[in-house]
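Participant: Chain by chain, the residues:
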Amino acid sequence: MSLVSIAVVVLLVFGVAVELACCLGVLVMDGAYNKLHFLGPAAIVGPLAIAAAVVVQESFSQAGIKALLTAGLLIVASPVLSHATARALYIRQRDHVEPELVGHLRRGLPTSGTGPDAAPVVGADMGGPGSDLGLGGRP
Amino acid sequence: MNAWLIAATALLFGLIPCAIVMLRGSPVEALVGLQMAGVLETVVLVLLAEGFHRPPFFDLALVLALLTLAGGLVFARMMERWV
Numbered sequence: 001m002s003l004v005s006i007a008v009v010v011l012l013v014f015g016v017a018v019e020l021a022c023c024l025g026v027l028v029m030d031g032a033y034n035k036l037h038f039l040g041p042a043a044i045v046g047p048l049a050i051a052a053a054v055v056v057q058e059s060f061s062q063a064g065i066k067a068l069l070t071a072g073l074l075i076v077a078s079p080v081l082s083h084a085t086a087r088a089l090y091i092r093q094r095d096h097v098e099p100e101l102v103g104h105l106r107r108g109l110p111t112s113g114t115g116p117d118a119a120p121v122v123g124a125d126m127g128g129p130g131s132d133l134g135l136g137g138r139p
Numbered sequence: 140m141n142a143w144l145i146a147a148t149a150l151l152f153g154l155i156p157c158a159i160v161m162l163r164g165s166p167v168e169a170l171v172g173l174q175m176a177g178v179l180e181t182v183v184l185v186l187l188a189e190g191f192h193r194p195p196f197f198d199l200a201l202v203l204a205l206l207t208l209a210g211g212l213v214f215a216r217m218m219e220r221w222v
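From first to last, the protein sequence lines stand for chains A and B. The numbering used here numbers the first residue of the first sequence as 1 and each following residue consecutively. The numbering used here numbers the first residue of the second sequence as 140 and each following residue consecutively.
These are computed hints drawn from the structure, not numbers from a lab. Fair warning: this is a prediction, and the values are worked out from it, not measured in the lab. One should not assume that every hint holds.
As the list claims (entries may be wrong) - Examples of chain A residues toward chain B, derived with CB under 8 Å:
#, residue
1, V9
2, K35
3, L36
4, V54
5, Q57
6, Q62
7, A63
8, K66
9, T70
10, L73
11, A77
12, L89
13, I91
Said to hold, decoys possible - Calculated from the model, a selection of chain A residues having no Cβ within reach of chain B, i.e. all distances over 12 Å:
#, residue
14, L3
15, R107
16, G108
To be verified - Partial list, derived from the structure: chain B residues whose beta carbon lies under 10 Å from chain A:
#, residue
17, I155
18, A176
19, L203
20, L212
Glycine is no exception: its CB is placed at the ideal position from the N, C-alpha and C atoms.
With the sequences and hints as input, model every part of the structure.
Facilitator: Right under this line is the structure:
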């Protein structure tokens with residue numbers, strides 16, 4: 001077994017192990033925010049190790065360059081996708097919490113909090129914690 | 140069967156956790172599972188192209204990586220408002 005073959009096998013085992021560990025992390029962790037953390041190593045470390053294995057095997061031929069291009073594309077795309085997904089989750093959570101707040105603000109009542117159990121506080125000062133949302137509530 | 144094909148076969152088992160997350164999780168968790176599956180499939184295509192000694196097959200992995208990015212962005216944008 002040549003040195004090149006050993007290097008290829010080591011890189012392949014490392015890349016596959018990283019990918020499978022990240023898959024298990026996505027399965028085990030609770031919540032989308034925690035699951036998102038495991039997209040990073042899976043899209044950066046794993047593809048880079050496997051592209052390195054292809055380059056070690058094939059040198060900078062057509063296959064090696066395309067494998068590096070693919071790994072580079074994954075590395076660039078991963079943070080963009082993670083950011084877009086986290087932003088979508090943030091907006092969904094904000095919009096799912098706020099409808100009750102919006103109702104209170106439109107009726108001109110302050111609220112006792114910002115969570116889903118937020119309730120209007122009758123007789124309190126009209127400047128509630130959600131009144132800065134620009135939704136028509138009293139100042 | 141060489142080391143490349145064995146690695147590709149091992150990586151395919153990683154799709155099982157992704158499928159479980161997609162089937163049982165919330166919509167955003169399912170999107171995370173879909174993105175993980177896209178990364179896995181891209182790497183599997185690279186391994187298969189090298190394992191079968193077909194350099195043109197690397198184009199498939201390259202295109203899938205691009206489409207995974209585009210599809211993930213579209214899904215994320217859609218989930219902000221409509222799902």
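Participant: Compare the structure with each hint and give your call.
Facilitator: Status of the hints after comparison with the structure:
no.	hint	verdict
1	V9	6 Å, holds
2	K35	5 Å, holds
3	L36	6 Å, holds
4	V54	5 Å, holds
5	Q57	7 Å, holds
6	Q62	5 Å, holds
7	A63	4 Å, holds
8	K66	4 Å, holds
9	T70	5 Å, holds
10	L73	4 Å, holds
11	A77	4 Å, holds
12	L89	5 Å, holds
13	I91	5 Å, holds
14	L3	15 Å, holds
15	R107	25 Å, holds
16	G108	27 Å, holds
17	I155	8 Å, holds
18	A176	9 Å, holds
19	L203	9 Å, holds
20	L212	5 Å, holds
Of the hints listed earlier, there is not a single one the structure fails to meet.
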